[in-house]
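Starting from the known structure of chain A, fit chains B and C onto it as the hints suggest.
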Amino acid sequence: MYSKKWTVILGALMVVSMLLSACATPTPEEVIIEVTKIVEGETVVEQVVVTATPEPPAAEMRDNVLHVSFGPGDVPTLDPSLGTDTSSIQVVEEITVGLVRLHEETLAIEPGMAESWDLSDDGKTYTFHLREGIPWVRWNGSAVEEVLDADGNVRYVTAHDFEYGTKRTVNPETGSGYAYVLGMTMAGVEDYLYAENWDELSDEEKAELRDGVGVKALDDYTLEMTFLTEAAYNLNISGMWVARAEPQWLIEEKGDRWSEPGFNQGYGPYALKEWVHDSTMTIVANPFWPGIESVPQPVIKEVQFSMLDASAAFAEYEAGNMEVAGVPSADIDRVKADPTLSEELIIAPDGCAYYYGFNTEKAPVDNVHMRRALSYAVDRLDLVENVTKGGQEPAQWFCRPGMAGCPTMETHPDLGIKSSADKAKEELALYMEEMGYADVSEIPEVQLMHNTSEGHKQIAEAIAEMWHETLGIQPTVTNQEWKVYLKTIRSEDVPAVWRLGWCLDYPDANNFTREVFAKGGSGNPEVGGLNWLNEDFEQIVLDAAVEPDPVKRTQMYADAEQILVYEDAAVLPIYWYTMVNVTKPYVNRTYSNHGHDYYEKWSLELEK
Amino acid sequence: MGRYIIQRFLWMFFVLFVISMITFAMMHAVPGGPFTQEKALPPEIIANLEKRYHLDEPYWKQYLLYIDKVMVPHISKDANPEMMDEALVGISLPGGNYLRWINFGPSYSSRSRTVNDIFREQLPVSIQLGIISMAVAITIGLPLGVISALKQNTIWDFLGMSVAIFGVSMPVVAMGPILIWIFGVTLKWLPPTGWGAKPPFTLFFIPNTIGSWDFWKHTLMPAFAVGTGYSAIIARLTRASLLQVIHEDYIRTARAKGLSERVVTTRHALRNALIPVVTILGPMFAGVLTGLFVVEQVFGIPGMGKYFITSITNRDYPVIMGAVLMYAFFLVVSNVFVDITYAWLDPRIRYD
Amino acid sequence: MTNSEMMIPEANDQQKERSLWMDALYRLAQNKASLVGGGMVILLVLMALFANYIAPYSFSEQDRQLTDAVPQWVTVVFPTIKSYAEISDKFSLGADYVGRDILSRLIYGARISLVVAFVGAVISLFIGTVYGLTSGFFGGKVDDLMMRFVDVMYAFPSMLMIILMMAFFRSSFAESEPGTLSYVMNSIDQRFGGMLFIFIGIGITAWMGTARLARGQVLSLREQEFTLAAKALGASNSRIIFRHLLPNVLGPLIIRVTLSIPGYISTEAFLSFIGLGVNAPTPSWGSMISDGAVAIRTYPHQAIFPAIALSFTMFAFNFLGDGLRDALDPRLRGTQ
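Chains as they are written, first to last, in my numbering: chain A, 1 to 608; chain B, 609 to 960; chain C, 961 to 1296.
Keep in mind that the hints were calculated from the coordinates and are not lab data. Beta carbons are placed, not taken as given, at the ideal position from N, Cα and C, and that holds for glycine. Don't take every hint at face value.
Said to hold, decoys possible - Away from chain C, derived, C-beta distances all over 12 angstroms, residues of chain A:
1) Glu-105
2) Trp-117
3) His-129
4) Ala-207
5) Ser-311
6) Asp-439
7) Ile-459
8) Thr-583
9) Ser-603
Claimed, not checked - Listed next, the in silico DSSO-like pairs over lysine-lysine satisfying Cα-Cα at most 30 angstroms (straight line):
10) A:Lys-254 <-> B:Lys-647
11) A:Lys-206 <-> B:Lys-659
12) A:Lys-487 <-> A:Lys-519
13) A:Lys-608 <-> B:Lys-659
14) B:Lys-647 <-> B:Lys-659
15) A:Lys-216 <-> A:Lys-124
16) A:Lys-336 <-> C:Lys-1042
17) A:Lys-423 <-> A:Lys-389
18) B:Lys-825 <-> A:Lys-608
19) B:Lys-669 <-> A:Lys-487
20) A:Lys-519 <-> B:Lys-647
21) B:Lys-647 <-> A:Lys-487
22) A:Lys-254 <-> A:Lys-206
23) C:Lys-1042 <-> B:Lys-796
24) B:Lys-659 <-> A:Lys-254
25) A:Lys-519 <-> B:Lys-659
26) B:Lys-796 <-> A:Lys-336
27) A:Lys-362 <-> A:Lys-425
28) B:Lys-659 <-> A:Lys-273
29) B:Lys-677 <-> A:Lys-389
30) A:Lys-206 <-> A:Lys-362
31) A:Lys-301 <-> B:Lys-796
32) C:Lys-1050 <-> A:Lys-336
33) A:Lys-418 <-> A:Lys-362
34) A:Lys-273 <-> A:Lys-301
35) A:Lys-336 <-> A:Lys-584
36) A:Lys-584 <-> A:Lys-273
37) A:Lys-254 <-> B:Lys-677
38) C:Lys-992 <-> B:Lys-759
39) C:Lys-1050 <-> A:Lys-389
40) A:Lys-389 <-> C:Lys-1042
Just chain A, with the same shape it has in the complex (with noise of 0.2 angstroms):
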């Protein structure tokens, strides 16, 4: 009896197991994934032989891999016009080049796909020279080869390339997160990227405003680019992701998935090869790009980046599964002590800042003693040696020393905010004298929150803990999750105390003051934030991105400061970000300053 229920147990089993493949049966779509594996057309594409067949390798020799990890979460996307994280600009700055690139030791511009430019007389338009015979390159299952067009022709990368990327980005239908940054300098495109209706226009009247972007292909190879106003910055904007050549053909074929591997097409010094999504991504060298000053031919074979969370990933560097890897600020003090791995590791500035911002309208930070109280009362340097211990640098403002126009501690070592128990309480005094209170348990709730997350609440419990010992006040403590929290800080109702970081974009300090702390900046939005104005600061910043003294421009910045985080005191600066890195001893390596690696400039000793 019993053997007969097993057996339609098990044929049930059976039948929801087929039900599963009938899920899984491949769809015709997939059978031409699987196919495409010819470019256009139906030209037999020509094999080119990348490489010499890489012999075995003998047993004391590495494999030329390096292996590298991201932050856990797969990369959004490896479209150029979309990418807003550091992973996948990082492989975009890989599979691509743009006109200028940054050094990313000396942040210097150096000619990326430009070999040259002129600046125009009025100081607001380029006109850049591209290099000729860069192709377009492609990874076709075996081997990286050039892409070719409907004739058999390889195609090269061309000025109208970058015409069309660029316009697509600010093309208002493709939702780029970062057009913004185009908005804000390039002639032309506030009109196109936030036209009004958008929908109801006509074909005629989207392609004028279209045409009226300022960025434009002479010839093949000349392409010139218009901006709003002669401000220094302008270069960087044009070396940036979202001014990439992008392949039209592939783009109006596949739609979003053009970027995929299978079909991705780039011209960088390496070749997406492999995409596990969630899981690794692979970049091997592309024999076709040519090498030039500042972006050499790669040395290294294959990049592997691995999407692991700092804890993971540096196990893994622990188990000599990986070359670089990030010390999470918990095994900071092992790593120090540790024989081997304090000789691996370099803790190098970062690009980024970390501060507080205070909702100047809500009781009790709408009092500007109140808010210079709980900035003084942050001990700053006691955080970051024993709490964060990443050997971050404690910041007296915001802007990052080290980009253009910031100040940085030699020149200015008593701009900003000095942590001071002494002047905290100082500053209490005053405030309690203006309101009239008595004791401080008469002071409204301070309400700290910040986005859910690990570091940030250790943080706010140690800075919360500081205003409690210092100020005698107990500020609650709350986290949203991200996106919640997004919506919190930029609505009506935004708590007293809150958190953002900021990383750079392009290394000067207009993308940090202004960016960040003009009303309309993403710390200081129309609704909420800061809820801050001050006509003095928008003055400033807006005179200093103009201005062509680089010492007066500093200075500028520094006033500007002056009135952010102490005279108005609208915002907490509390550190600004290093890279805790460890490397194996055999990677020749760089340290970029901008957040981005250029591994064309790494190699590794193969010999074991």
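Showing chains B and C alone in chain A's frame:
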């Protein structure tokens, strides 16, 4: 019986329908949308993006559009459908027609992928991990339970249960890093993180590398971390159920007949005692699947659990909906099987 | 004496019942492991209740000069720590990442874990049992309807439900006007360090499994002789349910619930892991473990002590549950 099963499957569709409605309502009730970013997009661009995904329509219409795409089969002349409009079931019909059914739509946060792509690549990994974890759980739990029951109230009982409980009491959050530390970093026996199989998969979930050590060595630590937790449940259930059965009349009869203790235990007691154990395996598997998030995060496994949690924080509506429906489908099917197996294995239960 | 004979109602009900429970208690006392478990649970409850008096420090007090400090005796267990850690015997179990006493946080943290366990178990047992018994006993249309509702709830991935609800509560309720229910709930939640919404989340998802189990048990029991006999003797429905069915299903239900307690506690740990746990600086074992787990290689004490505390609690609940089960199952009467 047949009618009962058909009824249950019809109910299943109803259940999925209700769940889709609740999920839809809940996910739209949570503040923040898919296009809320740190660098706030201008309202004009958000409006364009919302139009692109029909998010500007009233909620009821969005919901109907969604249900239409997922539940209603569509037949069209279009033999080469738009890439981002891909369906889970796509069949070429004679006459150049093309049938598409169960289309969960595109992902908002990975704009180059559809929800079906994500299912095809992420879900199989979770299923593999789930199956192996269940195998670990049964291998550890069943013997412990049997030993504890047969030696009730002896030191063996205590030891067996202690081992089982230890498994469940150590959260994966802590156990994962400890395993990585010992076996991955210090001893270097196993790779600390990662997964040894990548798409495409045979029969939806069987990895092509199934025969290689490379696949199995990646599975051991995570499957152990998950499996030990569930082994406790199996061990305790086996123990309880076996204890109950041992005192039943027919076991006494069997003993009275002079059957050897071994035959009594294996042929009569154990077989009946396993009924409740077998019946919980289905829902347990569904539970394992939906609870894999932490272990996938800790061991860097590209499974569905991790993707699913990220989709919630990203407000990736189509992924949330698709994943909930998929998980719900597993849960419902496993529940139907519990009821059916109950009825089949225990003749005293009848469904009128 | 066979089961059926034993369970037929007799005239002196009062006495019979007492002896049933007295007997259970007697058998519980025989089981040493469960006695130990029960003792540990009582100790934990006392510790949680009198945390203010027992804990050497407050749970939020920081000594940032001693962040991650370890006491001397821990370095004996993990000798490598010596080379980099701050060694201080000020804190007997060491300090956490901002220099708070781990022992004090463990003692206070017992509150959260126990309350989560208690609330989850009570909701699960109470709602689940009543629901399942009713459904299983009446059968037919009632059963169908009630179980279909459970099906819908059960098919919902509970983690998703909790996460969505938490995000929803924490955000929408925070913006509500004073005087409304949501405002009151939000202030209660704030006062209890963010626990209320965790309870609601666990409570809503906890009872379905118990209900299904109870119903499954009743389905098979109601066909057994003693129920049929009781029915034949004209006993009322509620009498049959509570006098005859309940004692028989209680055993498996209690195992189920004690088994679920670790589940509730680890749900709290899971929520902490994804950042939806209690608000800082309120301590919970779950949040301590997930905070400490990232530092496990460097400062193992930060995760291991709360993990040990959690393990002990689970051992206690499990052995107590086992003992209760053996004691309460009428079919095991007189077997010892």
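Going through the hints against the structure:
1. A cut-off of 12 angstroms between C-beta atoms confirms that Glu-105 of chain A is not in contact with chain C; the least separation is 31 angstroms.
2. Taking the minimum C-beta to C-beta distance to chain C, about 47 angstroms, the non-interface status of Trp-117 of chain A holds against the 12 angstroms cut.
3. At roughly 51 angstroms from the closest C-beta of chain C, the C-beta of His-129 of chain A stays outside 12 angstroms, upholding its exclusion from the interface.
4. The claim that Ala-207 of chain A is not at the interface with chain C holds, since no C-beta of that chain comes within 12 angstroms of its own (minimum 43 angstroms).
5. Annotated as non-interface, Ser-311 of chain A brings its C-beta within 12 angstroms of a C-beta of chain C; the closest such distance is 5 angstroms.
6. Asp-439 of chain A, annotated as away from the interface, keeps every beta carbon of chain C farther than 12 angstroms; the closest lies near 21 angstroms.
7. Consistency note on Ile-459 of chain A: stated as away from chain C, yet its beta-carbon is not over 12 angstroms from all of that chain's, at 9 angstroms minimum.
8. Every beta carbon of chain C lies more than 12 angstroms from that of Thr-583 of chain A, the smallest distance being close to 19 angstroms; the non-interface claim holds.
9. Against the 12 angstroms criterion, Ser-603 of chain A stays outside the reach of chain C, whose nearest CB is about 30 angstroms from its own CB.
10. Simply put, Lys-254 of chain A and Lys-647 of chain B have alpha-carbon atoms about 28 angstroms apart, close enough for the 30 angstroms limit, and the pair holds.
11. For the given pair, Lys-206 of chain A sits about 17 angstroms from Lys-659 of chain B by alpha-carbon distance, which is consistent with the 30 angstroms threshold.
12. Among the hinted pairs, Lys-487 of chain A with Lys-519 of chain A is consistent with the structure: their alpha-carbon atoms are about 17 angstroms apart, no more than 30 angstroms.
13. Straight-line distance between C-alpha atoms of Lys-608 of chain A and Lys-659 of chain B comes to about 57 angstroms, which puts the hinted pair past the 30 angstroms bound.
14. Distance restraint check for Lys-647 of chain B and Lys-659 of chain B: the Cα-Cα separation of roughly 20 angstroms lies within the 30 angstroms cut-off, and the hinted pair is therefore satisfied.
15. Under the criterion of a C-alpha separation no larger than 30 angstroms, the hint pairing Lys-216 of chain A with Lys-124 of chain A is consistent with the structure, at around 14 angstroms.
16. A C-alpha spacing of about 13 angstroms is found between Lys-336 of chain A and Lys-1042 of chain C, which places the hinted pair at or below 30 angstroms, so the restraint holds.
17. This hinted pair checks out: Lys-423 of chain A and Lys-389 of chain A have alpha carbons roughly 26 angstroms apart, not beyond 30 angstroms.
18. About 26 angstroms separates the Cα atoms of Lys-825 of chain B and Lys-608 of chain A, which keeps this hinted pair within 30 angstroms; it holds.
19. A distance of roughly 25 angstroms separates the Cα atoms of Lys-669 of chain B and Lys-487 of chain A; the hinted pair therefore holds under the 30 angstroms criterion.
20. Between Lys-519 of chain A and Lys-647 of chain B the alpha-carbon distance is near 14 angstroms, which keeps this suggested pair within the 30 angstroms criterion.
21. Taking the CA atoms of Lys-647 of chain B and Lys-487 of chain A, the gap is near 12 angstroms; set against the 30 angstroms cutoff, the hint holds.
22. Simply put, Lys-254 of chain A and Lys-206 of chain A have alpha-carbon atoms about 23 angstroms apart, close enough for the 30 angstroms limit, and the pair holds.
23. The hinted pair formed by Lys-1042 of chain C and Lys-796 of chain B meets the criterion: a straight-line CA distance of about 24 angstroms does not exceed 30 angstroms.
24. Using a Cα cut-off of 30 angstroms, the hinted pair Lys-659 of chain B and Lys-254 of chain A holds, with the two alpha carbons roughly 21 angstroms apart.
25. A distance of roughly 28 angstroms separates the Cα atoms of Lys-519 of chain A and Lys-659 of chain B; the hinted pair therefore holds under the 30 angstroms criterion.
26. Of the pairs offered as hints, the one joining Lys-796 of chain B and Lys-336 of chain A holds, with about 23 angstroms between alpha carbons and a cut-off of 30 angstroms not exceeded.
27. Distance check on the hinted pair: Lys-362 of chain A and Lys-425 of chain A sit about 21 angstroms apart at the alpha-carbon level, within 30 angstroms; holds.
28. Distance hint between Lys-659 of chain B and Lys-273 of chain A is unfulfilled; the C-alpha atoms sit about 34 angstroms from each other, more than 30 angstroms.
29. Restraint check: the Cα-Cα separation between Lys-677 of chain B and Lys-389 of chain A comes to about 52 angstroms, which exceeds 30 angstroms; the hinted pair is violated.
30. Proximity of Lys-206 of chain A to Lys-362 of chain A is assessed by CA-CA distance (about 44 angstroms); at most 30 angstroms being required, the pair is judged violated.
31. For the proposed pair Lys-301 of chain A and Lys-796 of chain B, the alpha carbon gap of about 26 angstroms is at most 30 angstroms, so the pair holds.
32. Proposed proximity of Lys-1050 of chain C and Lys-336 of chain A is supported: the alpha carbons are some 24 angstroms apart, at most 30 angstroms.
33. Between Lys-418 of chain A and Lys-362 of chain A the alpha-carbon distance is near 24 angstroms, which keeps this suggested pair within the 30 angstroms criterion.
34. Note on Lys-273 of chain A and Lys-301 of chain A: the hinted pairing holds, with a Cα-Cα distance of about 11 angstroms set against a maximum of 30 angstroms.
35. Between Lys-336 of chain A and Lys-584 of chain A, the direct Cα distance comes to roughly 15 angstroms. Compliance with the 30 angstroms bound is thereby established for this hinted pair.
36. Proposed proximity of Lys-584 of chain A and Lys-273 of chain A is supported: the alpha carbons are some 24 angstroms apart, at most 30 angstroms.
37. A threshold of 30 angstroms between alpha carbons decides the hint, and for Lys-254 of chain A with Lys-677 of chain B the separation of about 21 angstroms falls inside it, so the pair holds.
38. Distance restraint check for Lys-992 of chain C and Lys-759 of chain B: the Cα-Cα separation of roughly 15 angstroms lies within the 30 angstroms cut-off, and the hinted pair is therefore satisfied.
39. About 22 angstroms separates the Cα atoms of Lys-1050 of chain C and Lys-389 of chain A, which keeps this hinted pair within 30 angstroms; it holds.
40. Between Lys-389 of chain A and Lys-1042 of chain C the CA atoms are separated by roughly 18 angstroms; this keeps the pair inside 30 angstroms, and the hint holds.
Violated hints, listed in ascending order, are 5, 7, 13, 28, 29, 30; each of the other numbered hints is respected by the structure.
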